[in-house]
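For reference, the chains in residue letters:
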Amino acid sequence: MTALLQRLLGRLPLGWMQLTHNPGRLAAALAGVAFAQVLVFVQLGIMGSMNSSIIKSYDLFNADIMISAQDANTLTEGGNVARQWMFQALADPGVARGTGLFLSNARWEREGDQTTFQVYALQPEHLDFLSGDISRNARAIALPNVAIIDQQTRGLDPDLMAGIRPQSPLVTEVNGQQLAFANTFQGGVSFSADGYMVTSEQTFLRLFPARTSGAPNHILLKVAAGHQADAVVARLRAELPETLQIRTVADAASEDLRFQTTERPTGLIFGFGVVMGIIVGIVIVYQVLSSDVADHLREYATLKAVGYGPEYFLGVVFEEAVILAVLGFIPGLLISLGLYALLVALTGLPVAMTPALAIAVLLGSLAACTVSGAIATRKLNAAEPADLF
Amino acid sequence: MRNEPAIDVRHLNHWFGKGDAKKQALFDINLSVTAGSLTILMGPSGSGKTTLLTLVSCLREVQDGSVNLLGTELRGATVAQQVAMRRRVGFVFQAHNLHDSLTASENVRLGLEVQPEKRRRIDDRLAANHVLGLLGLDDRVDYRPGNLSGGQKQRVAIARALVGNPEIVFGDEPTAALDKESGRNVIKLLKRLGEVRGTTSLIVTHDNRVLDLADRIVTLEDGRLVSDEHR
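Going line by line, the protein sequences match chains P and L.
Residue numbers 1 to 389, in my numbering, belong to the letters of the first sequence in order.
Residue numbers 1001 to 1231, in my numbering, belong to the letters of the second sequence in order.
Don't read these hints as lab results, they were simulated from the structure.
In this text the structure is predicted, and so the values were computed from the model without any measurement.
Just so you know, even glycine gets a beta-carbon here, dropped at the ideal spot from N, CA and C.
Incorrect hints may have been included.
[To be verified] Pairwise CB distance ranges, derived in the manner of DEER restraints:
| id | chain 1 | residue 1 | chain 2 | residue 2 | range |
| --- | --- | --- | --- | --- | --- |
| 1 | L | V1226 | P | K379 | 48 to 58 Å |
| 2 | L | T1072 | P | A294 | 49 to 59 Å |
| 3 | L | T1072 | P | T262 | 38 to 48 Å |
| 4 | P | L363 | L | H1130 | 20 to 30 Å |
| 5 | L | Q1081 | P | A360 | 48 to 58 Å |
| 6 | P | I330 | L | A1176 | 24 to 34 Å |
[Said to hold, decoys possible] Derived lysine-lysine pairs resembling BS3-like cross-links, with alpha carbons at most 27 Å apart:
| id | chain 1 | residue 1 | chain 2 | residue 2 |
| --- | --- | --- | --- | --- |
| 7 | P | K379 | L | K1180 |
| 8 | L | K1191 | P | K379 |
| 9 | P | K56 | P | K222 |
| 10 | L | K1191 | L | K1180 |
| 11 | P | K379 | L | K1023 |
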């Protein structure tokens, strides 16, 4: 390793040699760097799973345009939309079809346990507004008091889920109403619910008697062949009242994501956690590097006296910073992978390590370590050699 | 020995501290050191020897007066000029200041790596080991400082100062950690470098065992130059 670094740097790898000269101290430094990286990984992992679950909610649909109330910052929040606007939208030649989408949370209470479902409901003749897998499995909801549920629902017995078939539905009680689970689909756990449930508008209104059929949460539209969604959105905005939000489904998803990550406490807390992890990392690496500079001040001063310039010392400290960041990354990544697996097992949330995330954390660590290194050499570079002895 | 001065000091004054705590350490020093000579700087503790040495060796900024080193005025020199000048000189400190993580040979190589133009012509390791050999450390080249005696460490530090073939060698008590024979050998080596290569040496020392080897002995007291004995 020393020979390789020497070849790369074109000089003795003083930083590497100093770090490895004291293995105990190096191990402690790497543990500190790895700890900071684990902090950042966990925060980013949870934030990423929140983002995935937000986008996932929209992936359940197969629609082009969404009409929502003005205050609907997220899919599940905000007021309702009068169904009459759907009919007006259908008058536009660019709109092929439309349906009302009803949303709410329902609690399924069982002996000693309970599950919260995020319920999606629409008219059974509009099942093609659901994405492929769900659309195929949702035919049973045409019958009253029938729903299909998410196979990945948190906390449900896999054997129980495996037994749910149209021929052998699970009849139970939800929100005080009898309901039959007649099929399953691949959904996913979200932050606000344990899983998804899809049912008909008619069944939904029985589960939630306060709701009315004339006021769904959103209106979903499909664009007619030969028309562009953006152009149709622009026309509908001109034709429909300004009190409505008219967006493509993709735009609605990205605005929901932006709102939840930048204006919601949860998003801000995870973002803050990432910043804290980075600060902890900078402080740890700064401590290691500044102690190293302090411990070798006389040696560095001697080098300064024989003509080594500020760039050399910066180079040595950067060399140490990069080594700490890269070597600390290996245990940091392995521990984080273990923690991700634990989080998935405990919560079912889609906490996933992606190459992009791993590379981003590595690059962030390199940047943080470099900043720490630059700070650590300030005293050395500012002093006259004679003052350092 | 050449006649032109390698070091030329004119009306040099220096102060430490600020305001009421400001104290003058050097008073109107005038000194010209001929190239290739070996000059010993003596004086009691606090006389200003080390202050003068650090000023003329470009380790401290000149406040008042003039210091001309190898034809370059140090007063008002930029950082880049100071760094360039330091690469032309060698420095041996009282403390060896070796890197514990490097072998003797690697420590010496640090004195060479700073001079890229010289490195192109020679093999760093061979050059370092050659100088260590001149100082009697052939069998210690791969030892780390932790496994060397005090005298051996000091000789490694001397080798580090000499390996780049400096035009001037400055020393602050370089023989303090050495026995009589080793100390005299080091000073003899500096003297020989002066004769063969024209290397100038300016050494601060209290070591009476090496005084007879000096070409010149300059004495300071209370920040003033009180005697200047040419031999």
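Results for each hint:
Between V1226 (chain L) and K379 (chain P) the beta carbon distance is about 37 Å. The supplied range of 48 to 58 Å is therefore violated. Remark: the range hint 49 to 59 Å for T1072 (chain L) to A294 (chain P) is contradicted by a beta-carbon distance near 33 Å. Under the hint 38 to 48 Å, the C-beta atoms of T1072 (chain L) and T262 (chain P), about 59 Å apart, miss the expected range. Between L363 (chain P) and H1130 (chain L) the beta carbon distance is about 44 Å. The supplied range of 20 to 30 Å is therefore violated.
A hinted range of 48 to 58 Å is violated for the C-beta pair Q1081 (chain L) and A360 (chain P), which are about 43 Å apart. Distance hint check for I330 (chain P) and A1176 (chain L): the Cβ-Cβ separation is about 47 Å, which falls outside the suggested range of 24 to 34 Å. The suggested pairing of K379 (chain P) with K1180 (chain L) is violated, with an alpha-carbon distance near 39 Å, which exceeds 27 Å. Our distance criterion of 27 Å between C-alpha atoms is broken by K1191 (chain L) and K379 (chain P), whose separation comes to about 37 Å.
In summary, the hint linking K56 (chain P) to K222 (chain P) is supported, as the alpha carbons are separated by about 19 Å, within the 27 Å threshold. Note on K1191 (chain L) and K1180 (chain L): the hinted pairing holds, with a Cα-Cα distance of about 16 Å set against a maximum of 27 Å. Between K379 (chain P) and K1023 (chain L) the alpha-carbon distance is near 25 Å, which keeps this suggested pair within the 27 Å criterion.
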